[in-house]
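Undergrad: Place chain G on chain B using the hints.
Read top to bottom, the protein sequences are chains B and G.
Using our numbering, the letters of the first sequence map in sequence onto residues 1 to 250.
Using our numbering, the letters of the second sequence map in sequence onto residues 251 to 538.
Hints in this document: simulated from the structure, not taken from any laboratory.
The beta-carbon is built from N, C-alpha and C at its ideal position, and this holds for glycine as well.
Incorrect hints may have been included.
To be verified - Just a few of them, taken from the derived set where beta-carbon distance is under 10 angstroms, the chain G residues facing chain B:
1) 350
2) 370
3) 401
Claimed, not checked - Label-pair ranges, simulated between beta-carbon atoms:
4) G:375 with B:12: 58 to 68 angstroms
5) B:10 with G:388: 45 to 55 angstroms
6) B:97 with G:327: 40 to 50 angstroms
7) G:332 with B:90: 36 to 46 angstroms
8) G:275 with B:97: 45 to 55 angstroms
9) B:26 with G:357: 55 to 65 angstroms
10) G:431 with B:241: 23 to 33 angstroms
11) B:224 with G:357: 27 to 37 angstroms
12) B:161 with G:431: 24 to 34 angstroms
13) B:232 with G:357: 23 to 33 angstroms
14) G:515 with B:90: 56 to 66 angstroms
15) G:450 with B:161: 32 to 42 angstroms
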Amino acid sequence: MKIAVYRLLFLAALIGLWWLASTQVARNLVPSPLATLQAAQRLIAEGRLGTALFDSLSIYLGGYTVAIFLGVPLGLLMGTIRPLGKTLEIFVYALSATPRVAFIPLIIVFLGLGPQAKILIIFLGAVMPILINTYAGALNSDQDLVEMARSVGAKRQRIFTQIVLPGAVPFIIVGLRVGATIGLINTVVAELYTAVKGLGGLLAIYGNTFRMAEYFVVVLTLALVGVVVTEALRFVEIRLGRWRRSEVIV
Amino acid sequence: MIGDAPQHTGLADSEAPAPRILLRGVSKTFGNQNNGGGTLALANVDLTVRDGAFVSLLGPSGCGKTTILRMVNGLIAPDAGTITVSGQAPRPGPDMGFVFQSFRLIPWSSVRGNVEFALVETIPGKAERRARADRYIELVGLSRFADAYPSELSGGMKQRVALARALASEPAILLLDEPFASIDAQTRELMQIELMRLWTLRKSVALFVTHSVDEAILLSDQIVLMGPRPGRVLEVIDVGLNRPRWTYDVRAEPRFIELRSYLWDRIRTLVLTDPQSDFYGRDLSANI
Numbered sequence: 001m002k003i004a005v006y007r008l009l010f011l012a013a014l015i016g017l018w019w020l021a022s023t024q025v026a027r028n029l030v031p032s033p034l035a036t037l038q039a040a041q042r043l044i045a046e047g048r049l050g051t052a053l054f055d056s057l058s059i060y061l062g063g064y065t066v067a068i069f070l071g072v073p074l075g076l077l078m079g080t081i082r083p084l085g086k087t088l089e090i091f092v093y094a095l096s097a098t099p100r101v102a103f104i105p106l107i108i109v110f111l112g113l114g115p116q117a118k119i120l121i122i123f124l125g126a127v128m129p130i131l132i133n134t135y136a137g138a139l140n141s142d143q144d145l146v147e148m149a150r151s152v153g154a155k156r157q158r159i160f161t162q163i164v165l166p167g168a169v170p171f172i173i174v175g176l177r178v179g180a181t182i183g184l185i186n187t188v189v190a191e192l193y194t195a196v197k198g199l200g201g202l203l204a205i206y207g208n209t210f211r212m213a214e215y216f217v218v219v220l221t222l223a224l225v226g227v228v229v230t231e232a233l234r235f236v237e238i239r240l241g242r243w244r245r246s247e248v249i250v
Numbered sequence: 251m252i253g254d255a256p257q258h259t260g261l262a263d264s265e266a267p268a269p270r271i272l273l274r275g276v277s278k279t280f281g282n283q284n285n286g287g288g289t290l291a292l293a294n295v296d297l298t299v300r301d302g303a304f305v306s307l308l309g310p311s312g313c314g315k316t317t318i319l320r321m322v323n324g325l326i327a328p329d330a331g332t333i334t335v336s337g338q339a340p341r342p343g344p345d346m347g348f349v350f351q352s353f354r355l356i357p358w359s360s361v362r363g364n365v366e367f368a369l370v371e372t373i374p375g376k377a378e379r380r381a382r383a384d385r386y387i388e389l390v391g392l393s394r395f396a397d398a399y400p401s402e403l404s405g406g407m408k409q410r411v412a413l414a415r416a417l418a419s420e421p422a423i424l425l426l427d428e429p430f431a432s433i434d435a436q437t438r439e440l441m442q443i444e445l446m447r448l449w450t451l452r453k454s455v456a457l458f459v460t461h462s463v464d465e466a467i468l469l470s471d472q473i474v475l476m477g478p479r480p481g482r483v484l485e486v487i488d489v490g491l492n493r494p495r496w497t498y499d500v501r502a503e504p505r506f507i508e509l510r511s512y513l514w515d516r517i518r519t520l521v522l523t524d525p526q527s528d529f530y531g532r533d534l535s536a537n538i
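One chain only, chain B, in its complex shape:
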């Protein structure tokens, strides 16, 4: 409870600073909180914000979901089948070190400017942290526990589902959280570089025309999406980690 109060106080201080900045910076580059609120009401009433949010969320969740469904199983496979992991890991690390933005022209050539291209760009950003963290989690499985399971006669499949997989969960959640953030960043990047749509599209339009109040509304919406997604994942993490009595941070 105390933390909630502190957070609200900090938020009030941030808005205060923002307001101060809006009065000090010339040429309306920083809109006042009030002007931003009015712009938000306008955008919502016109339905522009809703449409853009829906566009962005649908490609974001599309790309992110594909990343989860490919990244987690592949990471687990690489972690449990050692030759596979050792073969692939160097390529995975190479790809994750390459700025995925570099692929955008190529993606546009193959997939055009539509949602497929956007989903692929988001996928490429989100899948790497998910894959690498899941892999690390599976590699990090407690060998003592695995031996204990073997000694009671547990089969490979049961050792995997009851020892290796639960042991990797904290790592997987970290991967999902980082992947969610990078996925959101790539959503905006995709909307800026391909067909200008969604929240990224609004950013481009309002940024280029110096409509800063509307611009701020879009930025704050993106921040809000980020908070909602990471908080949801944290909730999952706490639910799954109830056995870790001492480390739960509420």
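TA: Structure of chain G alone, referenced to chain B:
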């Protein structure tokens, strides 16, 4: 004389029960053997454990005691020699219960879940499995904690859970790897009595690894004294103290005192003549 030259057969009684665990000429090397590296953990070990016997493997660290347990369980295979358990090649499973020094409880499972984990192969029915787990949790006195997670338990309680898990499948063989080494002294004494009680209730073969002389004498029918580098069996000694041993002061018995001073002497010599030991070549009898 307490123990003559190595007599690996243990009880020389022709009416003794059949051997449950049999090791013949067993050797094991760890590490890379191809380029002459690697360490010889066990060299040419013979060991016979008869049915219903409580046998301790006693010796300083580095004499391959744990390696023997893991091979008897079938977790690792010997490089040379043969091992038979109940007349067959060793295979991990519910017929053997393993108690590890580091407890090895599943942290995300409750106490009950941990005990049930060892029963999945033997008891398919969920309700039945749960009933069996609860029975053994009660036997080690942890009924109140059946739903607790391992992180909420003390070291002694964790080891009781591990004991319940090993006993719950009602194995013919109990393998215990220094189970009380990481428990404080008072709890350890209580746990030793607890183990003797449980073992008396349902006599299985117990193979108990320890480096505590007192613990070995207190618990065992036979003590297998082992030496380090390479690990080998030096001598097998019959303890010959009356059971149950928690009804009288075993430590005051002349036989206990005699055995203890003899074993201490042997182990001290082993440690002082082991070049790998911290105490190698030191004269511990000299005045300060």
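Undergrad: If a hint holds in the structure, say so; if it does not, say that too.
TA: Status of each hint after checking the structure:
1. Look at residue 350 of chain G: its Cβ gets to within about 6 angstroms of chain B, closer than 10 angstroms, so that hint holds up.
2. For residue 370 of chain G, the suggested interface contact is upheld, since its CB lies about 7 angstroms from the closest CB of chain B, less than 10 angstroms.
3. For residue 401 of chain G, the interface hint holds, the least distance from its beta-carbon to any beta-carbon of chain B being 5 angstroms, beneath 10 angstroms.
4. Remark: the range hint 58 to 68 angstroms for residue 375 of chain G to residue 12 of chain B is upheld by a beta-carbon distance near 59 angstroms.
5. Distance hint for residue 10 of chain B and residue 388 of chain G: a CB-CB separation of about 52 angstroms, consistent with the stated range 45 to 55 angstroms.
6. One distance hint, 40 to 50 angstroms for the beta-carbon pair residue 97 of chain B and residue 327 of chain G, holds here, with the actual separation near 42 angstroms.
7. Taking the beta carbon of each, residue 332 of chain G and residue 90 of chain B are about 43 angstroms apart, inside 36 to 46 angstroms as hinted.
8. Between residue 275 of chain G and residue 97 of chain B the C-beta distance comes to about 54 angstroms, which sits within the given range of 45 to 55 angstroms.
9. Taking the beta carbon of each, residue 26 of chain B and residue 357 of chain G are about 59 angstroms apart, inside 55 to 65 angstroms as hinted.
10. Roughly 30 angstroms separates the CB atoms of residue 431 of chain G and residue 241 of chain B, a value that falls within the hinted 23 to 33 angstroms.
11. At about 36 angstroms, the beta-carbon gap between residue 224 of chain B and residue 357 of chain G stays in the expected band of 27 to 37 angstroms.
12. Distance hint check: the CB atoms of residue 161 of chain B and residue 431 of chain G are about 32 angstroms apart, consistent with the given range 24 to 34 angstroms.
13. As the Cβ distance of residue 232 of chain B to residue 357 of chain G is approximately 25 angstroms, the hint placing it in 23 to 33 angstroms holds.
14. Look at residue 515 of chain G against residue 90 of chain B: about 57 angstroms separates their beta carbons, and that is inside 56 to 66 angstroms.
15. The given range of 32 to 42 angstroms is respected by residue 450 of chain G and residue 161 of chain B, whose C-beta atoms sit roughly 37 angstroms from each other.
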